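Order-wise, the sequence lines are chains A, B, C, D, E and F. Residues 1 to 182 in my numbering are what the first sequence lists, from first letter to last. Residues 1 to 182 in my numbering are what the second sequence lists, from first letter to last. Residues 1 to 182 in my numbering are what the third sequence lists, from first letter to last. Residues 1 to 182 in my numbering are what the fourth sequence lists, from first letter to last. Residues 1 to 182 in my numbering are what the fifth sequence lists, from first letter to last. Residues 1 to 182 in my numbering are what the sixth sequence lists, from first letter to last.
FYI, nobody ran anything at the bench for these hints, they're computed from the structure. No experiment lies behind these values; they were computed from the predicted model shown. Hints are all accurate, no fakes.
One copy or two, it doesn't matter: identical chains are merged, so the pair holds either way.
Derived pair list, reagent style EDC-like, types lysine to aspartate or glutamate, alpha-carbon separation capped at 20 Å:
| # | residue 1 | residue 2 |
| --- | --- | --- |
| 1 | Lys2 | Asp174 |
| 2 | Lys157 | Asp54 |
| 3 | Lys3 | Asp170 |
| 4 | Lys159 | Asp170 |
| 5 | Lys3 | Glu48 |
| 6 | Lys29 | Asp174 |
6 protein chains.
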Amino acid sequence: MKKIAKLLFEAKILKDIPRSGYHFLGVGKESVAEHSFSTTFIAYVMSELESDVDALKLISMCLVHDLAEARIGDLNTVHKQYLTADEDRALADTTRGLAFGNSLKELVREYNEGLTTEAKLAHDADQLALILELKDLVDIGYQPPNSWLSNVMERVKTKTGREIAAAIMDTRRDEWWLDVTT
Amino acid sequence: MKKIAKLLFEAKILKDIPRSGYHFLGVGKESVAEHSFSTTFIAYVMSELESDVDALKLISMCLVHDLAEARIGDLNTVHKQYLTADEDRALADTTRGLAFGNSLKELVREYNEGLTTEAKLAHDADQLALILELKDLVDIGYQPPNSWLSNVMERVKTKTGREIAAAIMDTRRDEWWLDVTT
Amino acid sequence: MKKIAKLLFEAKILKDIPRSGYHFLGVGKESVAEHSFSTTFIAYVMSELESDVDALKLISMCLVHDLAEARIGDLNTVHKQYLTADEDRALADTTRGLAFGNSLKELVREYNEGLTTEAKLAHDADQLALILELKDLVDIGYQPPNSWLSNVMERVKTKTGREIAAAIMDTRRDEWWLDVTT
Amino acid sequence: MKKIAKLLFEAKILKDIPRSGYHFLGVGKESVAEHSFSTTFIAYVMSELESDVDALKLISMCLVHDLAEARIGDLNTVHKQYLTADEDRALADTTRGLAFGNSLKELVREYNEGLTTEAKLAHDADQLALILELKDLVDIGYQPPNSWLSNVMERVKTKTGREIAAAIMDTRRDEWWLDVTT
Amino acid sequence: MKKIAKLLFEAKILKDIPRSGYHFLGVGKESVAEHSFSTTFIAYVMSELESDVDALKLISMCLVHDLAEARIGDLNTVHKQYLTADEDRALADTTRGLAFGNSLKELVREYNEGLTTEAKLAHDADQLALILELKDLVDIGYQPPNSWLSNVMERVKTKTGREIAAAIMDTRRDEWWLDVTT
Amino acid sequence: MKKIAKLLFEAKILKDIPRSGYHFLGVGKESVAEHSFSTTFIAYVMSELESDVDALKLISMCLVHDLAEARIGDLNTVHKQYLTADEDRALADTTRGLAFGNSLKELVREYNEGLTTEAKLAHDADQLALILELKDLVDIGYQPPNSWLSNVMERVKTKTGREIAAAIMDTRRDEWWLDVTT
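Whole structure, please, built from the sequences with the hints as guidance.
Structure, rendered in structure tokens:
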């Protein structure tokens, strides 16, 4: 059980790691844990929209997809030009002695490989979480997200993902609660 | 799809809501989204430790268990002495027109009722997420979490939950990474 | 005197409670204590502009008008759709055993009833404090306050309140100090 | 009315000025507006405890006692060794063209002179606001406030002030709400 | 050596002092230490562009130019209308008993006098650090920096300083890394 | 000059990168720019204490020693177990087309090689900046820095460095200003 406690403290540090893309963007702020929550929530929604998908796999995959950032940090596009990350070794150290360690590593491996339906949807969920942030910042009046959005939109590959992305771009950040107050 | 986009913006606001217990405690800080991530991650771990559990239900339940806080705010023990929350109506408004709305509401209802194995584990995951924070603050040197911990420990009910709670109390916040640097 | 000390610690927690409307707005940040300061300062100014007003009552009323938020939290328009707050009981608990407890409760009751001149001005001071924030954010370049301002402006009811509101909208956030530096 | 609007924007900037003593202390954080709220709230309480006091004068005095910090900044004990502040000129600029300008300046002058009962209580309210913060930080487990407290305690001069100070030191930061949750 | 340690703790507090101009501007945030880093880095760049300059003097001058703010605080244009700072006495206290105290004071004196080539470049570095911040904020979409920039641009006096200022205004905040990601 | 402006925006982003060690430590907070300021200031002090040292080289070396973190991020001991950074390529991209690019790269190369007197002192300045932070946190009452300090102390290698480290450990964070207020 000690090994479990250490794993939980490790995942907990994701709350303290700010996503590094935002200072390159110039606005916005989000911890890796917050991003993981968003991505996993989107995966849950996708799993309800898609009939032929392993919902448990899709949701779990998103939940753990950034776990290695506890040891590696949050790398953005600029960082990745100069850094080589040994994510396999990071996850090996994270899961050593853990009964379900292989299952956890397999989820991340499948995500990184990106071949299965679940992995493709998970990658889209990851991008949709960013699109949601960028659209929110655009509605507030910031300039920089405008020049990022077209790039990020293109990274969304699945049909469901593309439909959700289009819907986000077509919805104001405050529409959900305006209904109840007016 | 517009309805989906509104749901995602609604869940996104959980990143902006600070958990209200921490200013009563005097230290610590966490958004509702970060707490949801922690709780869901703990549920994932529990689902690997428990053989007879519906993992998808348990994990999804934790993921959405605080969704109503987008409309209701984060209420702590003091608040609950004076406030009556109509969580049903909040979730009805959140899910109106959503194909999987009933499924989402049923997850929260089962969580609140607290009778099934998954609901009991989910409640423990919620408390374990707090125990993890309090133990972390104790290790740093803060006094107030010491007087909260015994109360919170008693709220953990399942066998697995109690074992994890004990392991957390027996583990230092930094043990997980000390292995690799020494 | 112990009862006094407890009251002061209770009022002190208003510094730690962020006003919940700002994350719905998307920009801005203010503690309940800061809002109470603003409202009370505006009340002081109003008391100097109005000849037939009980200045002590008006200023004290604004100073304590949000005291119950220490126990209830800061509820915005969305929250109020779903929450019922027993502010009377909160204030009863706050003032139990306090010599001037009835006087304090009476101030809040008169504020909430909104019938006296002082209560009407106090309500306007509360709205003017928000208008001041929104105008400030507009001057900085944010979009969302523009769509809130007309609603908030309409909530201002007294002649003096309306004149101040119009003056705020007609004044740039930095005019007060530009005089001395140029 | 334009002059009023400028005054309100000036008072509003007190929300953005952090009290400079806290980084010398090493812990804690408070805006000048938050400190003004605390001081004014304590003055309100004192005015209820004292029979022969001009409550309106006492409360208003505390409300505006740090207004000049909008133009001068928040100066702590170290700063005051090296800086000479022309607070009169600052207030003259703040109140120029304001119908009640002399009344406002007179309040601050009486506060600074410190001779009247109200001024003495107001000075004590200012120190009590700091004692409240320091006691709160001591309860959390911080060391530095311990070495400051005896100095600050000695600055409290009135009988009522000293009684409140003693009561604060004798009360835990969380006693006020423990009653209702246990 | 004790005297050295005290000097280092004194310089360290510059990390905790926010530059006071930003709340007057309405956006942005920077510690005095961060500003000192920027200014010194710009001085280093200038020293490489200028052939006839004492690079060590120029760089050291910028590094220590705001050291007195540890005791005096960060004064902006508004503050300076009302405050008289005895910077000489502050630096005398800082350097008392320090073997290289006179050398340090001489650097600041030469900076304040502003007559030598190095002092002129250092003053421009100080302004360029602000121009860099303002241009960054303009690119993000904020309004207030636009009305400040022409004033600040005029304070830049040297040929090299003016060329760098023009180049900053002609460069987007994110151009430096767009090269590597596209 | 455009290339210069891009370099300045690149160095500016160091203000937005939090040093990643602090969330592993559990307390404290510092931007890379703030750390660079501290390190450079310590180097300036060392250059005054050491007779046979190239002061310009030592100070400049510390000023630029973390410049590559703009592209690579701030890597702590845990990160370095899993990441391989191509700092040479990062600096090549940073300095491409810059007249003094080779000079800048040579400074960083010499620092990383760690063989010259200046490089050894610069490495010690880097560690002393951390010791200063840790001692400050110890004085405030935090536990975790105590277990880090002995490791960090051992990394200091030069005689001057060791003397300063000992003096820091022997000095309270607030001694420098207690002199003037008592």
